[in-house]
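Residue numbers (the UniProt record's numbering), protein chains in the order written: chain A, 1 to 118; chain B, 1 to 118; chain C, 1 to 118; chain D, 1 to 118.
Bear in mind the hints are in silico, worked out from the structure with no lab data behind them. Mixed in with the good hints, there may be bad ones.
Copies of one chain are not kept apart here, so a pair can be met inside one copy or by any two copies together.
[To be verified] The list that follows gives simulated cross-link-like pairs (lysine-lysine, DSSO-like), each with its CA atoms no further than 27 angstroms apart:
hint: 1; residue 1: Lys96; residue 2: Lys112
hint: 2; residue 1: Lys112; residue 2: Lys93
hint: 3; residue 1: Lys96; residue 2: Lys109
hint: 4; residue 1: Lys100; residue 2: Lys112
Protein chains: 4
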Amino acid sequence: MTLISLQRALAQFAVEREWEQFHTPKNLVMALAGESGELVEIFQWLTPEESAHVMQDDERAVQVREELADVLAYLLRLADVLNIDLEHALAEKIEKNRHKYPVHLARGKADKYTQLGG
Amino acid sequence: MTLISLQRALAQFAVEREWEQFHTPKNLVMALAGESGELVEIFQWLTPEESAHVMQDDERAVQVREELADVLAYLLRLADVLNIDLEHALAEKIEKNRHKYPVHLARGKADKYTQLGG
Amino acid sequence: MTLISLQRALAQFAVEREWEQFHTPKNLVMALAGESGELVEIFQWLTPEESAHVMQDDERAVQVREELADVLAYLLRLADVLNIDLEHALAEKIEKNRHKYPVHLARGKADKYTQLGG
Amino acid sequence: MTLISLQRALAQFAVEREWEQFHTPKNLVMALAGESGELVEIFQWLTPEESAHVMQDDERAVQVREELADVLAYLLRLADVLNIDLEHALAEKIEKNRHKYPVHLARGKADKYTQLGG
Numbered sequence: 001m002t003l004i005s006l007q008r009a010l011a012q013f014a015v016e017r018e019w020e021q022f023h024t025p026k027n028l029v030m031a032l033a034g035e036s037g038e039l040v041e042i043f044q045w046l047t048p049e050e051s052a053h054v055m056q057d058d059e060r061a062v063q064v065r066e067e068l069a070d071v072l073a074y075l076l077r078l079a080d081v082l083n084i085d086l087e088h089a090l091a092e093k094i095e096k097n098r099h100k101y102p103v104h105l106a107r108g109k110a111d112k113y114t115q116l117g118g
Numbered sequence: 001m002t003l004i005s006l007q008r009a010l011a012q013f014a015v016e017r018e019w020e021q022f023h024t025p026k027n028l029v030m031a032l033a034g035e036s037g038e039l040v041e042i043f044q045w046l047t048p049e050e051s052a053h054v055m056q057d058d059e060r061a062v063q064v065r066e067e068l069a070d071v072l073a074y075l076l077r078l079a080d081v082l083n084i085d086l087e088h089a090l091a092e093k094i095e096k097n098r099h100k101y102p103v104h105l106a107r108g109k110a111d112k113y114t115q116l117g118g
Numbered sequence: 001m002t003l004i005s006l007q008r009a010l011a012q013f014a015v016e017r018e019w020e021q022f023h024t025p026k027n028l029v030m031a032l033a034g035e036s037g038e039l040v041e042i043f044q045w046l047t048p049e050e051s052a053h054v055m056q057d058d059e060r061a062v063q064v065r066e067e068l069a070d071v072l073a074y075l076l077r078l079a080d081v082l083n084i085d086l087e088h089a090l091a092e093k094i095e096k097n098r099h100k101y102p103v104h105l106a107r108g109k110a111d112k113y114t115q116l117g118g
Numbered sequence: 001m002t003l004i005s006l007q008r009a010l011a012q013f014a015v016e017r018e019w020e021q022f023h024t025p026k027n028l029v030m031a032l033a034g035e036s037g038e039l040v041e042i043f044q045w046l047t048p049e050e051s052a053h054v055m056q057d058d059e060r061a062v063q064v065r066e067e068l069a070d071v072l073a074y075l076l077r078l079a080d081v082l083n084i085d086l087e088h089a090l091a092e093k094i095e096k097n098r099h100k101y102p103v104h105l106a107r108g109k110a111d112k113y114t115q116l117g118g
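Taking the hints into account, I'd like the entire structure generated from these sequences.
Written as structure tokens, this is what we have:
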């Protein structure tokens, strides 16, 4: 399914259950943060190395996959009620970041663009 | 751009800057949580009604759009390094939720499925 | 119990279980974010008015109380391993905020100090 | 300053600025999550080892200290408006966790209590 069709399926899911009343931007932002918190909990005690192999544990792999789906679900609902074209927004952000993080300054550094000098 | 092409652009962006070393699943989960925290900060003092009109304020509209793009960016990177098909994962999750939240029990209620009775 | 004695109890709890290896600042920050995410999930679908009466529901009251305790627990552990005096840090921050948010400019406004003018 | 006197100072700070209208539990929970997100952002690209030395960088040390103070501030405001005794709540939670995480089962393991067997 494409992003748009998933977004429509989620909207219909909400309409059928009369959940639109709960889906204010404020509430959806909280739901997104809640799901990202659940994702954090899965990874909090893992070393970076363990985290790189998390999908080799079948039980955890299912959890991680479902949490990513949940984050995407609320992100799509949020974009829908705010009337934001997510893919377009990200394409523009990537262009913007090309200028904020020029290769010759940002290479191998995790610094924020405000600290890159130049 | 499609989700896949955005994912590729983000991967290339990271490779060009030698950022793959930072993009462990653990770190990307933190980055996702950090961006969702920034989104929360935009909405924290708004009433639900104000949140519904947030895009009418030009300055805030730009912020909200960029934060959603940032969340999507890290979500796509995370799915990429974990080798998860996000759209497929969400399609499956929606199916699963149809059973967890049957219309006749969930209608008009924000309860978790464990509290829906049946 | 005072904050210091709680902090000592938590440190001892970790030592007894050989959990110090997991309690790096990075991991504890994640645990704190995870717990604050659980708190968000309790409140995400409530209206502001419902949230003001959340303690009248016995089951939810217990949950909220435990989540606040969990957040405090990880905050204390974090301050401990980073050797930060939390109460002192907060006293200083309040002083700083007195200057960032002067009463005559901040009255009745939820704006960030950078937007207060003056 | 003690926790109670800090809590009173924060309440007075809010009253002086007529901010009580913004301090619903729902909004304060979001503010807490926002601050914990800022803390996450400081640590997201650090290795666990680097995170253990974060206070040796003067600039970062100031940031970390202020973010911990901010988290504590909102946690205290939240406990205040919900009428929860934080220290008491944590003392009880520690007792509860003694039973959920018995030393002989939990030693050296980061598992959740539901996975400890016994």
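Evaluated hints:
1. Lys96 / Lys112: The answer is both: 14 angstroms in one copy and 25 angstroms across copies each meet 27 angstroms.
2. Lys112 / Lys93: This pair counts as both: shortest intra-copy Cα distance 15 angstroms, inter-copy 24 angstroms.
3. Lys96 / Lys109: within (18 angstroms within a copy, 32 angstroms between copies)
4. Lys100 / Lys112: Answer is both: 9 angstroms inside a copy and 25 angstroms across each meet the 27 angstroms cutoff.
Every hint, counting from the list given before, is met by this structure.
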